[in-house]
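Peer 1: Chain by chain, the residues run as shown.
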Amino acid sequence: MTRLPKDLEARLSAVAPSGIAWQAATDANGVTTAWAELADRNDLVPVATLLKELGARLSMTTASQPPAPPEEDEEEEEETEDGAEPAEKPEKPVPTSFGGTPLDGTAYHLAYHFDLDGDTLTVVAWVPQGGDIASLTPLYRTADWGEREMMELYAVVVRDHPDPRRLFIDPAIEPAVFERLIPYSTLVNAASTKGLWDKIAKVRKEVAP
Amino acid sequence: MTTPDLPVSVPETYTIPVGPLHVALEEPMYFKIDVRGETVNAVDINAGHVHRGIEYLATHRSITQTVVLTERICSLCSASHPESFAMAAETIGAIEVPERAKFLRVIAAEVKRIASNLFNVAILAHLTGFETLFMHVMQVREIAQDIKEGVFGNRMDLGAICIGGVRYDLDDEIIAELRDRLDRIAPLIDEVIDTYRTNGTILRRTRGVGVLTREDAIACGVVGPVARASGVVYDVRHAAPYAAYPELEVAARGLPDGDVWSRAMIRLHEARDAVDIVRQALAKLPEGPSNLGLERPDIPPGQAMAKVEAPRGELVYYLKTNDGSSPERVKWRVPTFMNWDALRFMLADAKVADIAIVVNSIDPCISCTER
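For the record, the sequence lines run as chains C and R. 209 is the number that the working numbering gives the last residue of the first sequence; the numbers go up by one with no jumps. 371 is the number that the working numbering gives the last residue of the second sequence; the numbers go up by one with no jumps.
Next up, chain C with everything else stripped away, as it sits in the complex (with noise of 0.2 Å):
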């Protein structure tokens, strides 16, 4: 294994003809941690081949679907001066991510974290809603339970996952568990707590005269 080369960013753009926002900081203790955004989420394999060819190994996957930018204050609202009607207000651009993924709250940030000897890299990928992301399990051993559990988290699609089986949760379990809004009494399965209450009820008739 090699530590970060001085020349990633690069190689880097080299196989991502789309182009990559890169971002890089050393720490006192000589640690490299940089960031590669990819503006077309097809690059993400051509990099991961790069990578493994650098000897990386692909230490995690993140996988995340960020809330939309708040909305910018409102301000212009206000009546124009000669009391005309506003002028109709263009249709405010949703904010988009570098690569020109509209984030809009339903996005997904995928983020590949590499290991390079102690140095971290970490390649994004965005995927919008209803689109899907090539696997790299193929690539890297280690990807495939990471993907398998963004499958199981996000309505992401992994295109090609060899085993794209639940991994943590049960198959009767709804998909897409991080994008709903789930009670903390559901989380934790309060099912033993149900029964519980359903005995005490029954005791407490049986007691009752």
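Among the hints, erroneous ones may be present.
Label pairs and their in silico Cβ distance ranges [what the hints assert, rightly or not]:
| id | chain 1 | residue 1 | chain 2 | residue 2 | range |
| --- | --- | --- | --- | --- | --- |
| 1 | R | A251 | C | P5 | 24 to 30 Å |
| 2 | R | P289 | C | I200 | 38 to 44 Å |
| 3 | R | A252 | C | G55 | 15 to 21 Å |
| 4 | R | S62 | C | D117 | 30 to 36 Å |
| 5 | R | E191 | C | K202 | 54 to 60 Å |
| 6 | R | G302 | C | P46 | 36 to 42 Å |
| 7 | R | G150 | C | T106 | 49 to 55 Å |
| 8 | C | G55 | R | G150 | 53 to 59 Å |
| 9 | R | D298 | C | A68 | 20 to 26 Å |
| 10 | R | D171 | C | R159 | 57 to 63 Å |
| 11 | C | W197 | R | A251 | 51 to 57 Å |
| 12 | C | R159 | R | R72 | 33 to 39 Å |
For the record, the hints were derived by calculation from the structure and aren't laboratory data. Because the structure is a prediction, the values reported are computed rather than measured. Glycine included, each C-beta is placed from N, C-alpha and C at the ideal position.
With chain C held as given, fit chain R onto it using these hints.
Peer 2: This is chain R only, laid out in the frame that chain C set:
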């Protein structure tokens, strides 16, 4: 009455369930194992029995509350989770931890390492049927438990970490007591190492059993003692130093054979090394505050990665924050997460009787894996 000639068909392999309860530890994991005779043919793993949704819960707690929450993910590496999480939050908030706190974090983590590693090798003795050795190693480990109780007030969850430092401090009296316990446990661990190196019962059950080759270890991305026992000498304390580790000497351990015995030996040596690391940290412990006194640390929007060497290996945290008080996303990956996959290689052609020993040799932590 004559018996009709029924066609006799004997399947080549049988499927036997192992688990979900009590494969090695009292934690649930279900293995569907195809056996040919008494030899393992194929392994399928069915997980999720203790999935608790902690990642979801973390996004509904404040950053400070999440430090407490992450400590409850796992008991054996309960110092590593909040440490890694706090490091990620400190990176986003550009918070510089005081020097003394860096050493105190090392002491908390290494004391946990002693107890965690000894626990695992004790269970190995239990699984080989060597109950006397099991009880002896647990008795040795009890000294580490006493340290935890005496210094931190708890036997498992130390509650030592906070954002901006640690929540405990050492005075001269406690340092003297801690040194005394370390002096007592060090020769005992040396003795245990000798026993595991030479004892026939242990060697017969562990040498050449559950082998993970170096190539497979790299393919599976395993970390920690499992990787180091297969010749992949990767240790976060060397590769990505954090806390006070750059100022301390940490031995680089590695063995070539990748069997159950090698993994146990790495754990034992690292438990012994941990004693020396705590001694070094005590000797170099600088004066100063043990934390920044941040009651509600201000963590701006951002994202960060952090990794630490937990007793089982590299523990990675990803934290993403926004304008709200809760994390937008927290994700962590524990060492055991990849070790499950490596079990497919370790169990290939293993004997049914060795399954429990091999499973135990990855030091499985299920509550960590499933979250």
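Peer 1: Against the range 38 to 44 Å, how does the distance between the Cβ atoms of P289(R) and I200(C) compare: consistent or not?
Peer 2: 51 Å Cβ-Cβ, so the 38 to 44 Å window is violated.
Peer 1: For the pair R159(C) and R72(R), does the Cβ-Cβ distance stay inside 33 to 39 Å?
Peer 2: Cβ of R159(C) to Cβ of R72(R): about 36 Å, so the range 33 to 39 Å holds.
Peer 1: If I claimed the Cβ atoms of D171(R) and R159(C) lie 57 to 63 Å apart, would that claim hold in this structure?
Peer 2: holds, 59 Å
Peer 1: Is the gap between the beta carbons of G55(C) and G150(R) within 53 to 59 Å?
Peer 2: violated, 44 Å
Peer 1: Against the range 51 to 57 Å, how does the distance between the Cβ atoms of W197(C) and A251(R) compare: consistent or not?
Peer 2: Hint holds: Cβ distance 56 Å, inside 51 to 57 Å.
Peer 1: Evaluate the given range 15 to 21 Å for the C-beta pair formed by A252(R) and G55(C).
Peer 2: holds, 19 Å
Peer 1: That 30 to 36 Å hint for S62(R) and D117(C) (C-beta), does it hold up?
Peer 2: Between S62(R) and D117(C), where Cβ atoms are some 35 Å apart, the hint holds.
Peer 1: Given the hint of 36 to 42 Å, check if G302(R) and P46(C) actually sit that far apart at their C-beta atoms.
Peer 2: This hint is violated: roughly 28 Å between Cβ atoms.
Peer 1: Just to be sure I understand the hint, the distance between the Cβ atoms of G150(R) and T106(C) should be within 49 to 55 Å; is that true here?
Peer 2: holds, 52 Å
Peer 1: Determine whether the Cβ-Cβ distance between D298(R) and A68(C) falls within the hinted range of 20 to 26 Å.
Peer 2: Holds - the Cβ-Cβ distance for D298(R) and A68(C), about 24 Å, lies within 20 to 26 Å.
Peer 1: Falls inside 54 to 60 Å, the C-beta gap from E191(R) to K202(C)?
Peer 2: At roughly 58 Å between Cβ atoms, K202(C) and E191(R) fall inside 54 to 60 Å, so the hint holds.
Peer 1: Can you tell me whether the CB distance of A251(R) to P5(C) sits inside 24 to 30 Å?
Peer 2: holds, 29 Å
Going down the numbered hints, you'll see the structure goes against 2, 6 and 8, while the others check out.
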